[in-house]
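There are 2 protein chains.
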Amino acid sequence: MRDFLNNPDQFLRHLQAAGYTGVPPQTIARCPIWKGACVEHLTQLKERLTEVHNLAGASALLGWDQQVNMPPGGAIHRAAQLATLSKLHHELFTAEETGRLLEAAEAEAQGLPYDSDDASLLRVTRHDYDLATKLPTALVAELTRVTSLAHEAWAKARANDDYAAFKPWLKQILDLTLQAAGHLGYEDRIYDALIDQYEPGMKTAQVAALFDELKAAQIPLIQAIAAQRGRIDNSILKREYPEAAQEAFGRMVARQLGYDFERGRLDRAVHPFTTGFGSNDIRITTRYESRWLPGSLFGTIHESGHAMYEQGSAAAISGTPLEGGASLGIHESQSRLWENLVGRSRAFWMYFFPRLQAAFPAPLEGVDLDTFYRAINRVEPSLIRVEADEVTYNLHIIIRFEIENDLLEGRLSVDDAPEAWNAKYEGYLGVRPPTNREGILQDVHWSGGMIGYFPTYTLGNLMSVPFFDKAVAAHPAIPDEIARGEFGTLLGWLRDNIYRHGRKYQPAELYERVTGEKISAQPYVAYLRQKYGEIYDL
Amino acid sequence: MRDFLNNPDQFLRHLQAAGYTGVPPQTIARCPIWKGACVEHLTQLKERLTEVHNLAGASALLGWDQQVNMPPGGAIHRAAQLATLSKLHHELFTAEETGRLLEAAEAEAQGLPYDSDDASLLRVTRHDYDLATKLPTALVAELTRVTSLAHEAWAKARANDDYAAFKPWLKQILDLTLQAAGHLGYEDRIYDALIDQYEPGMKTAQVAALFDELKAAQIPLIQAIAAQRGRIDNSILKREYPEAAQEAFGRMVARQLGYDFERGRLDRAVHPFTTGFGSNDIRITTRYESRWLPGSLFGTIHESGHAMYEQGSAAAISGTPLEGGASLGIHESQSRLWENLVGRSRAFWMYFFPRLQAAFPAPLEGVDLDTFYRAINRVEPSLIRVEADEVTYNLHIIIRFEIENDLLEGRLSVDDAPEAWNAKYEGYLGVRPPTNREGILQDVHWSGGMIGYFPTYTLGNLMSVPFFDKAVAAHPAIPDEIARGEFGTLLGWLRDNIYRHGRKYQPAELYERVTGEKISAQPYVAYLRQKYGEIYDL
Numbered sequence: 000m001r002d003f004l005n006n007p008d009q010f011l012r013h014l015q016a017a018g019y020t021g022v023p024p025q026t027i028a029r030c031p032i033w034k035g036a037c038v039e040h041l042t043q044l045k046e047r048l049t050e051v052h053n054l055a056g057a058s059a060l061l062g063w064d065q066q067v068n069m070p071p072g073g074a075i076h077r078a079a080q081l082a083t084l085s086k087l088h089h090e091l092f093t094a095e096e097t098g099r100l101l102e103a104a105e106a107e108a109q110g111l112p113y114d115s116d117d118a119s120l121l122r123v124t125r126h127d128y129d130l131a132t133k134l135p136t137a138l139v140a141e142l143t144r145v146t147s148l149a150h151e152a153w154a155k156a157r158a159n160d161d162y163a164a165f166k167p168w169l170k171q172i173l174d175l176t177l178q179a180a181g182h183l184g185y186e187d188r189i190y191d192a193l194i195d196q197y198e199p200g201m202k203t204a205q206v207a208a209l210f211d212e213l214k215a216a217q218i219p220l221i222q223a224i225a226a227q228r229g230r231i232d233n234s235i236l237k238r239e240y241p242e243a244a245q246e247a248f249g250r251m252v253a254r255q256l257g258y259d260f261e262r263g264r265l266d267r268a269v270h271p272f273t274t275g276f277g278s279n280d281i282r283i284t285t286r287y288e289s290r291w292l293p294g295s296l297f298g299t300i301h302e303s304g305h306a307m308y309e310q311g312s313a314a315a316i317s318g319t320p321l322e323g324g325a326s327l328g329i330h331e332s333q334s335r336l337w338e339n340l341v342g343r344s345r346a347f348w349m350y351f352f353p354r355l356q357a358a359f360p361a362p363l364e365g366v367d368l369d370t371f372y373r374a375i376n377r378v379e380p381s382l383i384r385v386e387a388d389e390v391t392y393n394l395h396i397i398i399r400f401e402i403e404n405d406l407l408e409g410r411l412s413v414d415d416a417p418e419a420w421n422a423k424y425e426g427y428l429g430v431r432p433p434t435n436r437e438g439i440l441q442d443v444h445w446s447g448g449m450i451g452y453f454p455t456y457t458l459g460n461l462m463s464v465p466f467f468d469k470a471v472a473a474h475p476a477i478p479d480e481i482a483r484g485e486f487g488t489l490l491g492w493l494r495d496n497i498y499r500h501g502r503k504y505q506p507a508e509l510y511e512r513v514t515g516e517k518i519s520a521q522p523y524v525a526y527l528r529q530k531y532g533e534i535y536d537l
Numbered sequence: 000m001r002d003f004l005n006n007p008d009q010f011l012r013h014l015q016a017a018g019y020t021g022v023p024p025q026t027i028a029r030c031p032i033w034k035g036a037c038v039e040h041l042t043q044l045k046e047r048l049t050e051v052h053n054l055a056g057a058s059a060l061l062g063w064d065q066q067v068n069m070p071p072g073g074a075i076h077r078a079a080q081l082a083t084l085s086k087l088h089h090e091l092f093t094a095e096e097t098g099r100l101l102e103a104a105e106a107e108a109q110g111l112p113y114d115s116d117d118a119s120l121l122r123v124t125r126h127d128y129d130l131a132t133k134l135p136t137a138l139v140a141e142l143t144r145v146t147s148l149a150h151e152a153w154a155k156a157r158a159n160d161d162y163a164a165f166k167p168w169l170k171q172i173l174d175l176t177l178q179a180a181g182h183l184g185y186e187d188r189i190y191d192a193l194i195d196q197y198e199p200g201m202k203t204a205q206v207a208a209l210f211d212e213l214k215a216a217q218i219p220l221i222q223a224i225a226a227q228r229g230r231i232d233n234s235i236l237k238r239e240y241p242e243a244a245q246e247a248f249g250r251m252v253a254r255q256l257g258y259d260f261e262r263g264r265l266d267r268a269v270h271p272f273t274t275g276f277g278s279n280d281i282r283i284t285t286r287y288e289s290r291w292l293p294g295s296l297f298g299t300i301h302e303s304g305h306a307m308y309e310q311g312s313a314a315a316i317s318g319t320p321l322e323g324g325a326s327l328g329i330h331e332s333q334s335r336l337w338e339n340l341v342g343r344s345r346a347f348w349m350y351f352f353p354r355l356q357a358a359f360p361a362p363l364e365g366v367d368l369d370t371f372y373r374a375i376n377r378v379e380p381s382l383i384r385v386e387a388d389e390v391t392y393n394l395h396i397i398i399r400f401e402i403e404n405d406l407l408e409g410r411l412s413v414d415d416a417p418e419a420w421n422a423k424y425e426g427y428l429g430v431r432p433p434t435n436r437e438g439i440l441q442d443v444h445w446s447g448g449m450i451g452y453f454p455t456y457t458l459g460n461l462m463s464v465p466f467f468d469k470a471v472a473a474h475p476a477i478p479d480e481i482a483r484g485e486f487g488t489l490l491g492w493l494r495d496n497i498y499r500h501g502r503k504y505q506p507a508e509l510y511e512r513v514t515g516e517k518i519s520a521q522p523y524v525a526y527l528r529q530k531y532g533e534i535y536d537l
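Residue numbers (numbering that gives the first Met the number 0), protein chains in the order written: chain A, 0 to 537; chain B, 0 to 537.
Looking at chain A on its own, in the form it has when it is part of the complex (with noise of 0.2 Å):
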């Protein structure tokens, strides 16, 4: 206790404080020969990315840290932190010696497999690099000085139910969006390009056909669900849950379901995120309410689902920008699966419904498994998106996704869209939002210039259901298994197809390697017509 630096780290500190710490210079090696072509250029490249994709790590602990751990009076040193980090990364990645090497290392690799991890880094950082050097640096600029200045002004404005205060920001925020695009550069639709720096590759158009097919069947869905509605009651999940026993069991179900405690651990955030620095650290976070059941339960496997899909990067790309996830969509399609149509399906609770009593017993006393089972998957129209079930959820990014359209190509005026809003909640929900705080309000994203960002959510939901699918045509044994609490095959079966690939295919490449198919609403609204067909009995 004595030794205030006697440990390896602070040792590390020292030396940086005393100027010891510089790291061995870059050593040049003698080029190194692909098919007999030196790739000198190539080698480089990696070195330097590495320390870009190293530079993110270090910042992404720093944001751990912040919602984790951090006292209040760490604020002012942390956005200071992070401020230097987010500037060097962007400075070293935006380098001209970056596109220098990028373009020589393209050249080298001519004739790659398309599938190798280099010729896959090398599509990858195109793509980065082309949309991080577009953006000219006056516009990055005003977009974080006014991002920064509209989040505090939008959370004034939603807690005020002010969105007059919040207006003059929106319209901000839209113009210097669509100055961003015309940079990005888009063929068809100004939304090709904002959300291309989500889910690489899709465009508008493809979306918009999407979400129509899905609209149209899940609409009529609903109407016939909220006709029944008052056949499920979910009281029962209201009653008084244990928070530390909450824990324990989410803990059990998480590492039952594959995620690794060894390269993960699970903690509280008031907002549950997942988040890594190299795959084989990917922690998860969630919020304990103790009359609220499912909201640690399915959160913590919702966010098991992310992790378990950034743990499984393939170890040649461990440590490497390849690794993570293809994009939000994807990852979502993970989180989804998970949480969905493995954690609320009748089979998991065939295993854990017992369990689950065991570790509750007195809230859940004289329950039976199909009471419980129809409880969590209780449909109901209601105003706030993240509270919203699994189907009606996509109808609220429905509705998203048409007003950012609108608003971007001129249809909509900021002074109309809060109307709009409610008209589209009206006619798709059947519900209308008595404020705009339950209504235009309540999202975080557009105050932060992240247009474009909702229909991930969605695609994610599209896509969950051909993948599970997929796995269970291949191994017809996973739904007993998952009856029997286990969940190897299936965890397998999505690291081989999915997982393993980190960052290398784009969203819908890799679906179509997976799936054969184009992506495609039919899928899901089969899944959810037999499965809401059942319990609602439609």
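Where hints are given, some of them may not hold.
Any copy, or any two copies together, can satisfy a pair, since identical chains are not distinguished.
[What the hints assert, rightly or not] In the DMTMM-like style, the derived pairs of lysine to aspartate or glutamate whose C-alpha atoms are separated by at most 25 Å in a straight line are:
id, residue 1, residue 2
1, K86, E39
2, K214, D266
3, K423, D388
4, K155, E480
If you are wondering where the hints come from, they were derived from the structure by calculation, not from laboratory data.
Given the structure of chain A, go ahead and fit chain B onto it with the hints provided.
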């Protein structure tokens, strides 16, 4: 829970991935004016140093997480992230541009008051910069490579009690250290160049004189105590003290001393330490052993001392490279002041002992204050430095200081070092290590290249007493306040006179400002004689 990225950091991270993260380009402010002169270079230097400081803070957080939270899998990624941060830190700080700005800023700032933050920043930066740039890159690389391997070799050699296996590494480290000292420069003793890294401005001759004085007084004191040793039994401290209650008690004590949990936190770690990421986020760690109460109790007080020091930097220097501690010695003076002069005093336990008894009724049943006070102050010459008591500790340090100098100045070979070590233990402490594992192989420092570091522990002890005496002279009520569990006056005085200055003054300079005297061994010797004379009835 569905919002994988719906929080500010994930948002930031996502922006980074999308290339949106650029911080606004540094606007060239109109030249700031001081006393009619433009201080543009100073302003630019400060921006650059703040980035360097932020990188160090980020590294420290990665280190903290590694000790406290990181799952085992994360190690490989963490090493890569720390290497990247360390490289960027070194490059940014030692860049020619830093030197150019520093020189220009020094010229601009001629005539700034010595005590001003800006003049102090320039002095501290000059010292750091010279230290960091005097070593040739190739030597830094070789030191990094050799110490990294030597650390592994040392751990194995210690486990196997195999000095022969460590000897070639020690030899190599000594050779590299001699080269480093040559580059760093010294006038009198080789060791001057080394100790200056940890205790800026301190000279070997001064340390040697202090240590000789101390040794002459401590050896007979220890002999006198050893003759009486049987008189104190500390077995009550080895009873069963439940860990949860230890933690709650330690937390309560730390809070009451004045450690600010709004700007810090207490966690468990295998090797207790204090670390920080800005003066508003200074964290401490400890470890618990249920059958050894003093470990966590005094460990927590010790780390709280380090932490209160760093939390006390003036607001004006918070977040700048001037925050923190003046040197390792001054740091140790504060951890020891709180641990020993406060935490092991009779007055302290007059207040806390009844509370300790309430927290641990079973093991402390029937134990009285005096018995407890004597038990926690039991003196016994022993072999292991980190387990030594307040009185014998300094002799462990003096032995290391003497051996380091003998090795560097060629009076001792690495072959003969173990025997020299054992002979000194026998001569000074009356105990002879039966193995090298309990002798020369016990400490990590040399394997890490940290030669010149040990004296700071004892310098801290020596300075702690005059600092405390000075506080009591200014506020004679302090001892009575301690006996009432009140520490605000003492902490306030330490903040005003020491903590708020951060790194502005060199240690001897700070000491003289505070005490009006040169560092001497006498006050500390007088304190030991008085306290232990009474305890041991000498």
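The hints, checked one at a time:
{"no.": "1", "hint": "K86 x E39", "result": "between (27 Å within a copy, 22 Å between copies)"}
{"no.": "2", "hint": "K214 x D266", "result": "neither (37 Å within a copy, 51 Å between copies)"}
{"no.": "3", "hint": "K423 x D388", "result": "within (18 Å within a copy, 75 Å between copies)"}
{"no.": "4", "hint": "K155 x E480", "result": "neither (49 Å within a copy, 46 Å between copies)"}
Of the numbered hints stated above, those contradicted by the structure are hints 2, 4, listed in ascending order.
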